[in-house]
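Guided by the hints, dock chains Y, W and F onto chain L, whose structure is given.
Protein chains: 4
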Amino acid sequence: MRKGRLEAFSDGVLAIILTIMVLEIKVPHGAANFAALKPLLPVTLSYLLSFIYIGIYWNNHHMMLASTSRVSGGVLWANLHLLFWLSLVPFATGWMGENHFAPATLAVYGVMLLMAGVAYFVLQNCIIAIEGPHSALARAIGRDLKGKASPVLYLAGIAASFWQPWVAGGIYVAVALMWLIPDRRIERTLVERV
Amino acid sequence: MRKGRLEAFSDGVLAIILTIMVLEIKVPHGAANFAALKPLLPVTLSYLLSFIYIGIYWNNHHMMLASTSRVSGGVLWANLHLLFWLSLVPFATGWMGENHFAPATLAVYGVMLLMAGVAYFVLQNCIIAIEGPHSALARAIGRDLKGKASPVLYLAGIAASFWQPWVAGGIYVAVALMWLIPDRRIERTLVERV
Amino acid sequence: MRKGRLEAFSDGVLAIILTIMVLEIKVPHGAANFAALKPLLPVTLSYLLSFIYIGIYWNNHHMMLASTSRVSGGVLWANLHLLFWLSLVPFATGWMGENHFAPATLAVYGVMLLMAGVAYFVLQNCIIAIEGPHSALARAIGRDLKGKASPVLYLAGIAASFWQPWVAGGIYVAVALMWLIPDRRIERTLVERV
Amino acid sequence: MRKGRLEAFSDGVLAIILTIMVLEIKVPHGAANFAALKPLLPVTLSYLLSFIYIGIYWNNHHMMLASTSRVSGGVLWANLHLLFWLSLVPFATGWMGENHFAPATLAVYGVMLLMAGVAYFVLQNCIIAIEGPHSALARAIGRDLKGKASPVLYLAGIAASFWQPWVAGGIYVAVALMWLIPDRRIERTLVERV
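Protein chains in written order, with our numbering: chain L, 5 to 198; chain Y, 5 to 198; chain W, 5 to 198; chain F, 5 to 198.
Excised from the complex, chain L in its bound form (with noise of 0.2 Å):
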């Protein structure tokens, strides 16, 4: 019960994350036609890029805890330490979007990303210590590649922000791509599990 508490707090706030960065996407005013539009691409393009990440935490935290049996109140923290970071995201995407994706403010992502992943990995850690070694959960993660990659590649992105500001978008747009790609050896575990 408790579980499934936690479950519906985390996905009443993604939710309203997921639906409150849409409202930087501002109406323009008192212009009806296409070109009006055209100014709010980068914002847009933005918007997409962040649906997506809190899509792939969603998809994962979901996951994560289907294979969990119990909370305690430091995973419940761990939880709210990880919603903290994510509640940021509108802002980080908003700016981002605003400022046609300028160093700064990719630099500014990035530590956001960056923040999240290292929350989802304490939280997964926290979850683990519970469920023990051997769970479901621990052998569905594994060697966690992509969780281990990630950060790297954060680290990486904040670093070309100043460099090469593309570079960086492109490599926040690959991590998504990362994550993306299902992982059908995960699924299944989890799956002969039920």
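Hints in this document: simulated from the structure, not taken from any laboratory. One thing to keep in mind: the hints can contain errors.
Just so you know, same-sequence chains aren't split out, so a pair can sit in one copy or run between any two.
Only pairs whose alpha carbons sit at most 27 Å apart, straight line, appear in this in silico DSS-like list of lysine-lysine [as the list claims (entries may be wrong)]:
1. K7 - K150
2. K42 - K7
3. K30 - K42
4. K150 - K30
Then chains Y, W and F, alone, in the frame of chain L:
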């Protein structure tokens, strides 16, 4: 259980989309007479139409998942894809209402409806691929005449936007009405299964 | 199951309505003394009244569905119809508060209450039509004196808006208080059933 | 079931409060350097403090209801009363952050914390009145030292606002930390019951 969380997350996003749309009906500042409400009429009509569309999507989504037994990673992403297009509804609604249903805004609204319709179709097929062609869902949907007619009508609406804007608006209203009329046959099939 | 999702969706919409209403209490910019809060008093009072109304609707909706066993497509749409009128509460609340309860704003607020009341009545009858006249719900509601008195009082409030605005305000407060007083008879009937 | 919906509604409201608060961290327009982020520091600190408070309330609410078996009409309203005060958190947070923790804003923030604390105390007592003095909840809460100390500390903070603002801020941070430290004894009692 995984299905439950998919439903909860979708409910959350749809509920927020529905409610933030109303923020486009801006409180008129410094005017407390009925005349101040008159300029809000187009935005309110636009809101009403989108409210009905979101209601239809929620209703159909509800029924489709009620007759679904399992979800896969592909279904989760097909669902997020649908939510992405629906998350643009508040923007398209506000822009169309503020500009009194101008041609470009009607066309953009139609494109958004079209993409959401396509995304729903993809989601439905993802679920049927898992459930099988003889599942309750596949039988309930049958030949899916409404689902196949909608994109064609949206395309007609988009084309009409530049020719006779009110024809476009009329088509969007007609599609909403077509879905509003209860499809007793589908409900019966689902009820029989239960 | 279908009932569960209807409840979850309604909870989501009502929770968002409740919370975005507070956004009408705008943070005073560049003023950090108590005098800056004084102009916010009417908006805050208006918010408090609407908060109580939404609370009453949530409470009654909760109890009505707790004693409902099935929902139909008609019930889903009757529920969306109710949510539509309630979604206009933030607008009517903000307009009334900002304009210090001016006649036109009080009348519009009353119309919104009236329409929500009618929508609730329709929803209740849709459910009773399914549950049957001897169902726990039908017996719990009984003669539904409050439900029948409310529209009459709202109409009186709308009329009074143009004559003596504070009478209108007083009527809206009185109706809220009438619903706030716990209806022990209904609760007992429901408890007996369980 | 009734308890489930109370939890779901509270989760929804708390999730939205948490997320709309971040809207007070406004995207700086036309500035894409780190200097543009500096003025946002007070608002961000203010957001962080309120995020932790909402997290604490969610956590405690969660545990309290996990050990509750029934809810009454009185509990529903005591819960709405708590949500009312918490719904003012975004306003108080934004005002305090924008004005760099000025005396009046610190006092108002303290009043809001005080009222929310009192509302939580009332809710807790409503539940214990139903559950009985020997219930798991009553035993878990025990002498409720934290619950009794908090209002006194909030009052001290309000008084200190006008004398030494940073003492007030320090007190609010200290109360948050006091609640953050896990109360292993309570958790153990609840776990034993399960």
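Of the numbered hints stated previously, which ones are contradicted by the structure, given in increasing order?
2 and 4
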